[in-house]
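Q: Turn these sequences into a full structure, and let the hints guide you.
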Amino acid sequence: MSASNDDTDWGDDELVAPPIAKQDEPAKAPIVDDMEDPDEGFFDDLNTQEAIEGLPWEEDEAEFDQPASFKMGIIGGRAAGKTYLFQAMAYRTINPRRAGVLTPFLAQSPPVVYHRTDQDTGDERLNVRDFLSEYREWRRLATTTVGVLHWYKLRLKTPCGFLGLGRANLDVESLDAPGEALAGDYATYQKMWHDAYIGARVIIFTVPLWAVFPDQEMSDDNWLARERALAEFHQVVHHYKNLREEAGETSRVRSVLALTMADDDRSELKAIRDRWIEPYRSGKYMRQLGYWTVARYLESARMTSNALKELFHDLPDQNLASLPDELSIGGSSPWIVPVSSIDGQKLDEYQQTRRSGKQPRIKEPPRPVHVALPLLLALCERDNALM
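Just so we're aligned, residue 0 is where the sequence shown starts under numbering that gives the first Met the number 0, counting upward by one.
Hints are computed from structural coordinates only; laboratory data are not their basis.
Here are the simulated DSSO-like pairs of lysine-lysine, each with C-alpha atoms no more than 30 Å apart in a straight line:
no.: 1; residue 1: Lys269; residue 2: Lys362
no.: 2; residue 1: Lys190; residue 2: Lys156
no.: 3; residue 1: Lys269; residue 2: Lys345
no.: 4; residue 1: Lys240; residue 2: Lys308
no.: 5; residue 1: Lys269; residue 2: Lys308
no.: 6; residue 1: Lys240; residue 2: Lys190
For each label pair, taking beta carbons as the anchor points, the in silico distance ranges come out as:
no.: 7; residue 1: Leu125; residue 2: Ile197; range: 22 to 28 Å
no.: 8; residue 1: Glu62; residue 2: Asp214; range: 44 to 50 Å
no.: 9; residue 1: Lys240; residue 2: Arg301; range: 22 to 28 Å
no.: 10; residue 1: Lys362; residue 2: Ala230; range: 36 to 42 Å
no.: 11; residue 1: Arg166; residue 2: Lys357; range: 43 to 49 Å
Source: prediction; values computed, not measured. Note that the Cβ used here is the ideal one computed from N, Cα and C, for glycine as well.
A: Structure representation (structure tokens):
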């Protein structure tokens, strides 16, 4: 398959602008062709210190082990982008008044992040602002310590009940450890796997877009990294399926395949970056996502997902071609969602500046793209408003 010879029918521009363009077409965001320009500077105050400190950071008596009304999990292997995705989700929801398409679904209170390790039974409620400091400052997240499994829980408050006056917890569970540990040493961490993921109605599996659809001109080192990433991805999927079987869980799970690092030029699907990622980095498009209907955004996401399923089925590697079917857990077909948790090129530039001994001037905050979509799918799944 070659991205440069893409003859896929992406749909009718007169109905819904297609989410992926042919290679020779200009970049155009899928759902914003006929919308008015919003106010400029949407991101300028989205997560500034003043805006964050102005939120109601009340104490929450809920503890780590309190059952959630709805639970979802993030699963991935080494360098699969799961840690960045979790942080980007927390960052995207830290100001629920400015959370784009998620705003109508969130109560007007900030998220809570809990942390626990396999080394003890205690847990702590993290200061969300401190937890996100490295992400907000464009610092590369540290590699997880070998031998320690970290369990993070992002708890979001959502309206429920009569007139939406009640409050329910939506928990996002993520186990963070060296990828090889999650992929290989399942028995050691089986209890935490069980506690984190059994009962989850939505599971997000993460793998880099470039690992599935690599540019043929990648370096030898990148090809080796790709093989490791794919091997560990298949292994963690296998572990999750074993976990469900051992727990006797047969309920349907909505699976989401998050193709992370969708802005990375190591992928041959340049159209994904040009049509589905880069246009959404501007405040213009993100503001419009908050003003316009959820249904229209989901329709563009559905078109993207369906188009990618066709590309999967055309892959010569049968292991990869069968992935959408492999992730149909409990009879539910997966959504395939390209995401960018952070602009990789800018992150590298800031890192290079720091390595040179200089302190970079942070001119703008990170702008995660489509990381809210798995959360939106989970909320729609909960409310039976979709699928």
